[in-house]
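S.K.: Now for the letters of each chain:
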Amino acid sequence: MATSNPSVFLLTVNGQIEGANFPEYDDLYCKYCFVYGHDWAPTTGLEEGITQITRKNSQSSHRLIWNFPLETTFKSTNPSGWPQLVVSVYGPDAFGNDVVRGYGATHVPFTPGQHTRTIPMFVPEPTWRLQKFTGWLLGRRPEYTDPKVVAQGEGREVTRVRSQGFVTVSFHIMTKDMKKMGYDIGPSSPANTASVTSGWSTEEQQ
Amino acid sequence: SSQPQSLDDFVKRRLEERLRAARVNPASSFFFLFFIRLELRWKSFMYKLISIIHLPSYTLKIQVGKGLPNAEEAYNFFTFNFEPDPPDESERSSVKRQKQRKIADRDEGRGDEAEEQEEAEADEDNEEEHENQVTSIDLFVIDQSPQDFLEVKKAVYVGYQNLIQRENEQLFTPSFRTVPTSVKLPENMKPRYLEDEGLYVGERPHVSLTNENILENRILKMEEWFGDDGRIMALPDPIKESSTRPPLFHMEEDVDPSLQTVYRKVRHTRSDPEGDYQLDVDVSGLIFSHHPLFSREHVLGARLAQLYDQYLTRQHNNLTGHLTDKVNPTRQLSVHGKIHGGQSLTQAMQQRFSEYSLEIRYLFQIQEKDRTLLKNIVKVWKELKALREFQKFSNTPYKLYLRRENVDRASDEREHEDEILAEVVEFEAESEEDYQKKLTEYNKQLEEWKLWRRKQKKKKKKKKGQTHEDTEDEEQEASESEGPIEEGPPKPEPPERPDFDSIEQQVREKASRIRRKPGEAILIPELSASGNITASELCPRPEIARRQDVARRSLFIKILYNDKEVSRTDSRSLNTDFRVHFGQIFNLKIVHCPQSINLQVFEEIGSSCSLLARVFVPVPEPSVVTGNVPVEEYEFSSNQRVMFDHEGVGSDVPLSFEADGSNKQTLLTSGKLSCCVSWGIGEDDVPLAPPVSQQPGGIHSGLDRLDAVTYIGASGLYDMKKIGEWATQSRLDPNDPKNASIMQLLKVASSGEVTAPEYFRLEHLQEEFNFVTDEELERSKRFRLLRLRNREVAEFRNYKCVPALEREVTDKVFQEYEKRLKEGEIIDTKEHLDSHRALVAKYLQKIRESVINRFLLAKHHYVLSDLVIEEEIPSIGILGLNLFKLAEPKRPLKPQRKERKKVTAQNLSDGDIKLLINIIRAFDIPIRRPQSNKPGQAPQSAIQGSDWFLNQVQVRPFVEVSFQRTVLQTTTADGPNPCWNEELQLPFSAPNGDYSNASLQSVKDEVFINMFDEVVHETGNDKDRGKSIHTWVEKHWLGSVKIPFSTIYSQSRIDGTFKVNTPAVLLGYSKERSHGANGGYDIMRSLSEGTFITLFITMEPQLVPGETIREKFDSQEDEHLLQASERFEREAAQGYPDRPCITTVIDLNGKTVFITRFIRPLNPPQEFLDAFPNNPQEATALVARFVSLIPSLPDRVSFSGACDLWSTCDQFLTLLAGDEEEHAVLLCNYFLSMDKKAWLIIGTAIPEGPTTYVLTYEQSRYLIWNPSSGQYYGQYDTFCPLQTIGCLVNADNVWFNVQEYTTPMRLSFDITKANLWKPFFSRSFSHPGLSSVQVSVQSSCLKNHTFHLIPSCRIEKILKEKVMEWRPRHPTRWNRYCTTTLKQFLPKLEMSRGQDVTEGHRHDLKRISGFPLHLPFCEIRPIIEAVYSTGVHSVQVSNVEFALAVYVHPYPNNVLSVWVYLASLVRT
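Protein sequences, first through last, are from chains X and E.
Residues 1 to 206 in full-length UniProt numbering are what the first sequence spells out, letter by letter.
Residues 1 to 1468 in full-length UniProt numbering are what the second sequence spells out, letter by letter.
I should point out that these hints are in silico values taken from the structure, not numbers from a laboratory.
Among the hints, a few may not be true.
[Stated by the list, open to error] Label pairs and their in silico Cβ distance ranges:
| id | chain 1 | residue 1 | chain 2 | residue 2 | range |
| --- | --- | --- | --- | --- | --- |
| 1 | X | Arg-55 | E | Glu-1131 | 46 to 54 angstroms |
| 2 | X | Thr-44 | E | Trp-1032 | 27 to 35 angstroms |
| 3 | E | Gln-896 | X | Arg-55 | 39 to 47 angstroms |
| 4 | E | Val-772 | X | Thr-44 | 30 to 38 angstroms |
| 5 | X | Leu-130 | E | Asp-563 | 50 to 58 angstroms |
| 6 | E | Pro-987 | X | Leu-138 | 33 to 41 angstroms |
| 7 | E | Arg-614 | X | Thr-127 | 40 to 48 angstroms |
| 8 | E | Tyr-1276 | X | Thr-127 | 46 to 54 angstroms |
| 9 | X | His-172 | E | Pro-892 | 55 to 63 angstroms |
| 10 | X | His-172 | E | Tyr-799 | 51 to 59 angstroms |
| 11 | X | Leu-130 | E | Glu-983 | 40 to 48 angstroms |
| 12 | E | Asn-981 | X | Gly-81 | 50 to 58 angstroms |
| 13 | E | Glu-1131 | X | Thr-44 | 21 to 29 angstroms |
| 14 | X | Thr-44 | E | Tyr-799 | 21 to 29 angstroms |
[Claimed, not checked] Pairs of lysine to aspartate or glutamate, EDC-like flavour, derived with a Cα cap of 20 angstroms:
| id | chain 1 | residue 1 | chain 2 | residue 2 |
| --- | --- | --- | --- | --- |
| 15 | X | Lys-75 | E | Glu-808 |
| 16 | X | Lys-148 | E | Glu-870 |
| 17 | X | Lys-179 | E | Glu-808 |
| 18 | X | Lys-75 | E | Glu-870 |
| 19 | X | Lys-180 | E | Glu-806 |
| 20 | X | Lys-180 | E | Glu-808 |
All C-beta atoms in this analysis are idealised placements derived from N, C-alpha and C, irrespective of residue type, glycine included.
For reference, chain X alone in the conformation it holds in the complex:
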């Protein structure tokens, strides 16, 4: 076994796309995919996925719950290009057309342990007012050519976006052999975990 002298390190991402907070919209579903650098390769699990459509509870709150599990293991030789989770949320508009409701991305946390991330979402804005109107009418809002655009910084300066809602994702991270290869990511501080567990409860207080 090459355990003593590993040539790759492993990163296991478990967790779930818990839900979202889109005050104005309902009947949403979420697509996710991982974006990673050249030196990364998924070994097991799904890289891409699409959740069920969820509705808000009729009585309370704006919460949309998916509880969509994520389970992927990556192997890599180089921390550069650390995986990012890209989520994009879609749902029907007033005329029943499926339109995009938000794009967002977050890096997979690199410290082992439990993390909760609330990803702020945004959508590209139409260039012209008229386009906004026709887009609304025809149900063809501007979309990114590739949702993975939101995981990269290049070329973003040409777009204008509007922020829209949040998606909450919880991660459970495990790594293997990172320390052996000289990447010390240290223990996650207890204060950190305490703050991230609150998740929904903090959302509700607002």
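Based on these hints, arrange chain E on the given structure of chain X.
M.R.: Only chain E this time, still in chain X's reference frame:
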């Protein structure tokens, strides 16, 4: 309480009556009416009501026939809450819900559907039972129809009195009258008044008596409402009379001190949190060293005072004495050393000596200065005295005394003598040393000079030799050589030996000059201000005026902090001694960081004041705190010119003290301001200074603060200079170990320029951030790999998983890359047949790389459409079209092709993409020559009647498509005009599985569409005729169409009729037309020559072709022209979106060039013109052929779709590779030089897509030339591949097609008409006279022919090897005889340019099938591909022989035409 009783009775009675009446006549019953109505109106409610009634608790009580209900029952009945019983309701609703759920479950189609249904049904049964129960115990016979209970009756009038009476029965009106107390109290009780009993009773709230009475009457019956006094009980009035808050008096004097507001200034905590800083500015006073109001005496006095000050400081420091003491011991040592011969001195000693000599010299200087100073003091004092005597009054109180100090003459003389001796020795040593130095220098110079001298002599000798040849030359040279002689080094003078005798003399002289004479008393001057100033009355008038003027003046100082005045001193009048004392301390509370502190001295005369001078005071260091700093003097001066008419000397005015007015001096107003700026001290001795980091210095010179000294931790020592000054002044002994540390620091300070370094370090902490050293970074293979990938080097652009460890990176990774780098120099001749072509390929590769690099950069510039998909704003037209579409027939007769969904080529993998090739039909396929068994029989002309014609199988063609070595074929059809209409699907795989746009565009594969004739041979054994027949099938190649994949990719579909590229000679086939009777077709066909095939090619799924990169290239064109061209193109694109319009193109240097610059007549190679001197038409065809022979290489392929680059003709001819436009430009230029009218056509054609053709006008008809094939078409040719004409270009102008149609057939080519052809340069924007970019090419003539024989041999060899390679199972025999025959034939073909040739080379002995292939030559690979695609090698018959001949015909400029004759022979 009889009343309630009676009420009860009354109600009871009523009920009884009603019920009884109901039984007799139910219709009249109130109840029944009520119930019926309810039932009618709210049946559901009724149902509920009934079901409630049947509930056990009530069903028992209300029963018919049990007699009358008692009071309680009745009461309950009325007061009963008719709302449904909560538990019941919930039960019901839960039942309902259950049912719902079950229904839902059923909908979902679960397995246990049946059971559930049963259950549900049971439930429903239950319910029905309930309902039955209800009806069964119904007390009001509800099942009868409502009509049974109705009775129609007239309205009855009730009289008013009656009504009131009735009302009174039911209504109660409380009276106003006071209720007698007795009624209110229980019987036999007297009212009790608590007040009377002495108890406190609060005041009742006020209620009007009437209201109270009414209330009392109303509640009379309830006992507990009344108190003991017979009144309604009430709480005391809760409202208090007075407020509980203490009164507030607004008397300003008497405000409670604790309530007083305190004013606190707003403090900006933003900039510095603790910001309680205080700067103390102590302005103590001002002394003028010159003032315009100085009198002459003052000037002298000031000078005297100055000199005396100087003297005092010197005396105070006792520099001379100190130095003398220091020098003496060393001097003795050195004298000693010199005596014992200086050789043995150690290094340290020598250094010590050199230092010592410096010190000695310094000492001399100081001694001299001391003496001159003393002399000057005495001199000035004498002048002062003289002046006082002259003007007969005195202005200044100065008095100088000279104290005489006697010394012991003898010892003094001895000392003096010693010193002189010592000095003499030193001086000797010094001069000796000096002499030695000079001597060595002299020797060196002398040596040089001699060398030079010798050279000069040599030159001269040479010159003398030349003299005889040319005198003129000599003169010139002599004058030239004169210079050097003068310039040569002068002969050095030997240094003089120092005269030791004179040295002593010199020393003594010097000593007498600068030193006090031995035995002379030491003079000590003392200046006192004890003299009297003559009173004003005794002075002359000008002096009085001056003094008055002085008295008028007063001075004050403004203090400016950060250029803002913060305060000013009191104004003090100027004293006669020109000193002003302020003695004021200003405490500045500061908020902003101090940047400058500026003191301005103002002079006030009367009411007007003027700025005299500014004094900038440095911002103190944080360690400078009030109390520990002395007052410092800052000099100031003003260059204002002031003149007076009284005794005042003025400022900036020359003045002289000499009697004759010579030696003039100009004095400027100047003085010293003594002040001190320091940080204040707060309570408990905290300095109110900002921390270091907030110092302004810390901000603007953050870099130097982080420099060496602070870096080592000596952050407290800011003022290195001051320390240094102090150290030199105090003359620390550097050898004292106590001073070691400070000397160390000073060394650092003096070396490192601590306070303000002159240099500027960029990223001076860079090293701290480097994670490995640069060498390691260079050495490491892993880092190299990472860096190369980051730079997007082609080999590593998509490199996955760079190994984590150094040792895992193999050298193999870099091999390819390094090989490519090396290839730059080494030319691989294996791939390319001659070195020239290899060079060209290299050059092309280089251009390609540079272009690709440019585009890699440009790829990182995004526009919105790259990132965001957005709907276009629909225009009215589109909306209208969409509306119109609604009315379209659902299944139109002529369906139009719908746009398929385009797929971006990123998520694709092998096998996803398919090439769809629809082979529809073909025309005019060559037919077999009648195969006569008898040799020698001439091919009978087919005119022989229709008998033969019908029997003969003319041809059985089928089409084979090969792409990426996948071969598919259609079924076989019959006849020369077959119709297949078949779709073939070919898989496509991208190189290396890379489906990115760039990769797809650079696919060089071609689709070969080959047409074959299927020939079935039957051989029966003659012996047993008819019993067994062997048949075998042969396919004979008839022709091919080649379509590059890149064209399909960029066009996304290709639809049209193509000319099949048939070989010039097809053995066994004739191109003669079938002479059918159908004359109508003949007319059509007569227009065309050759075979045609109709194809439709596309890809599934449709790929989005990569867009050309929009990069603005720099240009040398005029800005107006560029703008105009942009406008022209934009308008064209708007008006006619499908017509290509090009006005500017990019040349090979990546610059934008106007298109007309490419057109210029160029001479074609002369031999073409010479070949047919009398037949210009032939020459034209030859030129076109030559152009078409230059290999074509689409830019799209070579530059991976980046852009279309236009190369000039000379570049094109050197590179020997180019796109259609290069061919077209070259052809057009040749035509122009051949005096033809020629234009460039920018248009679209099949299969190329956007392309460039050439239009010529000759013999009053227009011809369209395809430059890459050399073919020409008439304007009305049906099979002209050019489909659309966008614009025409010649050297003068660009015309855009604004006609209705775009096909050449329907166009008018009259470019003079602006309504048909819109010109770029018109009257409003005339042609600016653009020069051509074309360079006239000197067509290199044919080189040696043998040079080209080599490639022909090599090609033949390679092809033979390949054919054998393709036939691994069978032996390949070569028929040498046939080969030689073919070889002889090929040049003839070339001569005739592939036109019909007499077929004298046929072999009758064998069944031969074969054909010559003709190709332009660029590389060997396409030739192999073409040979492979014909499939000649695939003949499986055992007795087959092959013949292969290759002929390469050279044309000028290295253009080669390759003929490959390939034939298979089967022995019959």
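S.K.: Need the list of violated hint numbers for this structure, in ascending order.
M.R.: Violated hints: 2, 7, 10, 13 and 18; rest satisfied.
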